[in-house]
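Protein chains: 2
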Amino acid sequence: MTPVRAYFPSIFVIVAGCATAPPLEEISESIPAVSTLEAGFDVAVQRKLESEFDSHLNPENLRAWMKHMSSKPHHVGSPWGKQNAEYIAEKFRAWGYETEIEQFDVLLPIPKVRIVEMVEPTKFMAQLREPVLAQDATSSVMEDRLPGYNAFSADGDVTAELVYVNYGIPGDYEELERHGIDVKGKIVIARYGGSWRGIKPKVAHEHGAVGCIIYSDPKDDGYSQGDVYPEGPYRMEHGVQRGSVLDMPLYPGDPLTPGYGATKDAERLDYREAPTIMKIPVLPISYADAQPLLEALRGPVAPAAWRGMLPITYHIGPGPAKVHLKLEFDWNLRTAYNTVGRIAGSEYPDEWVMRGNHHDAWVFGAADPLSGMVSLMEEARAVGELVKSGWRPKRTIIYAGWDAEEPALLGSTEWVEHHKAEISDKMVAYINTDGTGRGFLRVGGSHTLEKFINDVARDVFDPRLGVTLEERARARLAVNGSEDFDREDLRIYALGSGSDYTAYIHHVGIASLNMGFGGESGGGSYHSIFDSFDHYTRFMDPTFEYGVTLSKTTGRATLRLAQADILPFRFTNFADNVRKYVEDLIELAKKKREETEKKNKLIDENAFVLAADPLKTYVPPTKDTPVPEFDFTLLESALARLERSAEAYEAALARFFASGKSLSAEESQQLNAILISTERTMIREEGLPRRSWFKHQIYAPGLYTGYGVKTLPGIREGLEERNWDEVRQYIGVVSEKLDGVADAIDSAVALLSDE
Amino acid sequence: MTPVRAYFPSIFVIVAGCATAPPLEEISESIPAVSTLEAGFDVAVQRKLESEFDSHLNPENLRAWMKHMSSKPHHVGSPWGKQNAEYIAEKFRAWGYETEIEQFDVLLPIPKVRIVEMVEPTKFMAQLREPVLAQDATSSVMEDRLPGYNAFSADGDVTAELVYVNYGIPGDYEELERHGIDVKGKIVIARYGGSWRGIKPKVAHEHGAVGCIIYSDPKDDGYSQGDVYPEGPYRMEHGVQRGSVLDMPLYPGDPLTPGYGATKDAERLDYREAPTIMKIPVLPISYADAQPLLEALRGPVAPAAWRGMLPITYHIGPGPAKVHLKLEFDWNLRTAYNTVGRIAGSEYPDEWVMRGNHHDAWVFGAADPLSGMVSLMEEARAVGELVKSGWRPKRTIIYAGWDAEEPALLGSTEWVEHHKAEISDKMVAYINTDGTGRGFLRVGGSHTLEKFINDVARDVFDPRLGVTLEERARARLAVNGSEDFDREDLRIYALGSGSDYTAYIHHVGIASLNMGFGGESGGGSYHSIFDSFDHYTRFMDPTFEYGVTLSKTTGRATLRLAQADILPFRFTNFADNVRKYVEDLIELAKKKREETEKKNKLIDENAFVLAADPLKTYVPPTKDTPVPEFDFTLLESALARLERSAEAYEAALARFFASGKSLSAEESQQLNAILISTERTMIREEGLPRRSWFKHQIYAPGLYTGYGVKTLPGIREGLEERNWDEVRQYIGVVSEKLDGVADAIDSAVALLSDE
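First to last, the sequence lines map onto chains A and B.
The first sequence runs contiguously to residue 1856 in this note's numbering.
The second sequence runs contiguously to residue 1856 in this note's numbering.
Extracted from the complex, chain A is given alone in its bound form (with noise of 0.2 angstroms):
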């Protein structure tokens, strides 16, 4: 542990102490930076605002919204989804916003027929069915329940033999080669984990499988990891995981309203037609259903890394264990009802500081979304008693409860596409929540504001511990032996996608945030019906505490960003993330040569022939093209450029602290417009090679991790993926990028030395 940072002095040293403060020629070098909370504010009052705003949050309020949003099934389209948007909005009015219900009209299939069976070696009927529980209330209730599937998988009907390919990501398939194997005709079934779901079925159709399965090894979130439910929070057997399949790396959203609303006369496209639309059926099962069909199976023993912990020993296949998977489904469009409520700007309102949290969900989403939602709600409530008692906010707050989230980020993107233009004009940032539970905080998002949201989790405490969710989240990493312990902010992850910040950061380029508890709470209910109100109160957060904590975090997140003379943005992390991402893709580049060398080397020495068990079956590799050596000179001094400007920010900034002057309400608006200017100059109109959806050049989530992000992905997912001209193309055009937010740096930083 590090001790609380060493500027905090500094708050009270320059602000309330600049009348001494040394000439600005001998300070120069030496003067302290100026954290993101003393460079916005009054210090005292916004500390003020924010303690009573703490003042008015109740664990008990989670718990009961949880408690009756979660009681029945509140997919899109389900009654109990629209009554939760009412609910939603008559709270959100209830509490002084201005409140509307958006509505979408959204493809979502639902299935008809659902046959997963065995038909060779021996006969097997897959149940497909999570049972009733005495210890979990709601998994007795029935009514409008969605059952175990993929959405957006396709229809159909096929027999096949049956090919375990572990994971199911590219790197599988490689190893499949080794062993002769091709799953061209076959069904395969692939276990949870490894990359997003929706990968796997499409990697599986690249490769000509006929269809797919995809399970929960008891290995990933079941009995390995803990007791299983109901003894513990762990997968049960039956337990399974439902999740959309939606091939949301290329576009995520509406699949036939590609980049604009799916209002209700919008032109759509045929669903057969759509790009995003799985083109084999897939489904899920349980693993109390997989492991007989993974018993049945021969041919090669899986090698160790793809085994899980089911009683068996894991064969590749392909069979003789022959599969019948029979999908078929309602292609019907179902409304989204996104509950969105404001409250406008006193002295900005056209600038808009917007918070989200999805409140659709699988079947009953206790954890996922509603304990994230009803955070929300608490912080919407106490931002409400702020403003009963007089106060308003200086921008305008808007609080969304999205429909929609769990079959493709409907409810959000459809928002974000139908009024695109607006949100790019006024949207300041975008701060996302969804399921949280116990923990550490965890930070996801635009590294302009990384200083930024360290600085709220420093004045932030664990409710357990007594100490800030800064200095818990920098033992963890210290303890971990993380190299980054002692940076003076924590690293935020880069945001790939999986909630509601993708439409906002990836396709319109708002800052973004994410964030949760978690690492204490971890389980196996994920998507299934025991995401239950029992589940969550037994497991996760019993007393709301940390929910309550979520709440302190964002909503100080929400206040600050409203409140802001100066809004937060800085670029010295974002730079210094930025060096990191560049240093691992020359990295990788090097890597990735030496390997390509090393691997044509083995196969012209024979080396792979000779290493192989001469008794098995084994194809050696072929040999790749060599990597060229890359010229990253452009990249690197556009780097080094940022750094300066960033900077020069910092020290101007600094400085014009130091003098004591201070910015007139227009210079303050122009600054203010500059800083959010930044991360649209990220974005790029003609998006990311093979979809345009994707603008942002900075992150995006992969093309073959889904969720998972990649860093500067134009040059990355080039040198993945071997295509050398994009390499070269992005180079450039990541260059330009960086050099636009260097343009924005240096005339914030301008119009602050003016001064």
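No wet-lab data here; the hints were simulated from the structure.
Heads up, some of the hints might be wrong.
[Claimed, not checked] Covered, in the sense of this in silico footprint (three residues per stretch, anywhere, with C-beta under 8 angstroms from a C-beta of chain B), are these stretches of chain A:
| no. | segment |
| --- | --- |
| 1 | 1326-1338 |
| 2 | 1561-1570 |
| 3 | 1774-1786 |
Ideal Cβ positions, reconstructed from N, Cα and C, are used throughout, including at glycine.
With chain A fixed as given, assemble chain B onto it according to the hints.
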């Protein structure tokens, strides 16, 4: 793959063409190295001898002998064990060897009572019995069969709560401490693996446990690894791994006669006072018997690295499972029959080259030990054929079939202790084999023989792939990314313990080798009744082609050691390995210092507590004494000197051969005596700290790893166990020993240079 060593052509240039060699001064810097083959022999004569030797080898002999010898249980003291000793003796005699059976009377306790039962929270009686299988002929042979047990367990009758301790090694007890769990008065259950088995009850006893159960988790050699017997080679649910738990890292061999032969009239300790006998009862069980016990445990969920592959959540306990463990042994002496056959050397009868493999098994022992034993027998037979055709070895060759290896290396250890003076005087080298399989040649041993055995491996071909054993092994290193893959000679591993070389190398300082094939014959029959002829011939080396290849390899080694004019000891590889060990040690000291500092700092900052789940019991670690800076200068100087001497010997050899000179018989014997003495020089009569029987200062089995080697053990174990004074003392001891080796090498150089 690197191509065949470049100096092979030199065999012909220098030996056959020395008349035209350039003048010495011109080539002094570029004289090619001399291989161990060309330095030792008339190469053409030796190659002819070896090719004649090969021509006598027949895999069908291995099959017939294995079938016969594995048909009944043949542990020490069993009728069939004695029969096998006599069978080998009869063969040796028939093949022309002067043969005797040397007897020792050694302690081997055999169980009279074995009970493992769970008494709470439910009743369960462990079966402790391996089943009869139709596919395995000897599984129905019950007469004389040893049940599943750990030899040299204590008698005991204890009932106590159970605690799961993972592998039961010291680090696991640190983890238990973090959970606030004490094993005092408890019975521990540990899984096989992570250390030699005898470490588990020893460490359990040190922590106050009253009993120890060891089981075979399916993760380690059961269904997780592959199909179980009889479908595949892996351990089936009732398979039990027998094995010794005598505290062999203290001293192996008969516990009642430490340091001297267990002859009929030898003075003996009372078994109740023998320091190497375990102090608590310990019993191995199958995973079918272990599962109910483990499943009944509660308490914390075991850390991820502790979890095996049973379909349960692994908990640590203690309890509520309470277990009754009752064991009673007879404590009888048994007669060990060592079969020893010799052919006296024609020129140097008092220089002995010895080969050995044990013949006793836990039960039927087809793989362990007969696969190696029959390979040794075929080698002995082929050498016998050479002798019958009129050839005589220059040195005496001795073949041994050891008894009583399994319980504690009893046969070989007593033989070595009994003949210690003569062995120390006459033994050139000892070459051990034990169970062998299919795949890659694996060699461990004294690094003064590393170059030699590489030269042998460059002359023997893999029976399947048509490349040399060295090329195959190198291909595997290359594919696995080993940094040593292009080293001129492949590294051999350093010897710890686990087979009959132990007394030779560690007690007397005889240069030793240990060899076998493996890597493609994995399985889980080890020390169970299913280590049978049926199992071996289905899954291990069905054609015995690798068994015969082992005969070719060890046979060449034996013949070259027996014939060499200049013995093939070389020192540059030895020095290179010692350099690696020294660098490892310096790195270890540094790492330990840094880790201690880091840990103490984290404790000061309360980071462990802050990083732990506040809802779980967590006991933070306490501070360690800082690790001082050690002065390694002495060791580094000794190493540098050793390297110079080793290089000088290579140069002297090369010059000598280039000069066309030759040694007189007397000079040759003088040189060889020096070479033989080098390994003896590594011995220190006082032995290692707390275990005087182990005298080698470069290698030893680890006090807390068992079979696993510790290099430069005096220093290394001092560091590991935080005995700083010992570290300082042994830096001096080892430096002196290295100086001694350098002295010997220098006198060899002088002798060659005088010529």
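Hint check results:
1. For the segment 1326-1338 of chain A, the assignment as covered by chain B holds, since 6 residues bring a beta-carbon within under 8 angstroms of that chain's beta-carbons and 3 suffice.
2. Closer than 8 angstroms: that is the beta-carbon criterion, and the segment 1561-1570 of chain A has 3 residues meeting it against chain B, so the requirement of 3 holds.
3. A stretch counts as covered by a chain when three or more of its residues have a beta carbon under 8 angstroms from one of that chain; for the segment 1774-1786 of chain A and chain B the count is 0, and the coverage is violated.
When each numbered hint is compared with the structure, a violation occurs for hint 3 only.
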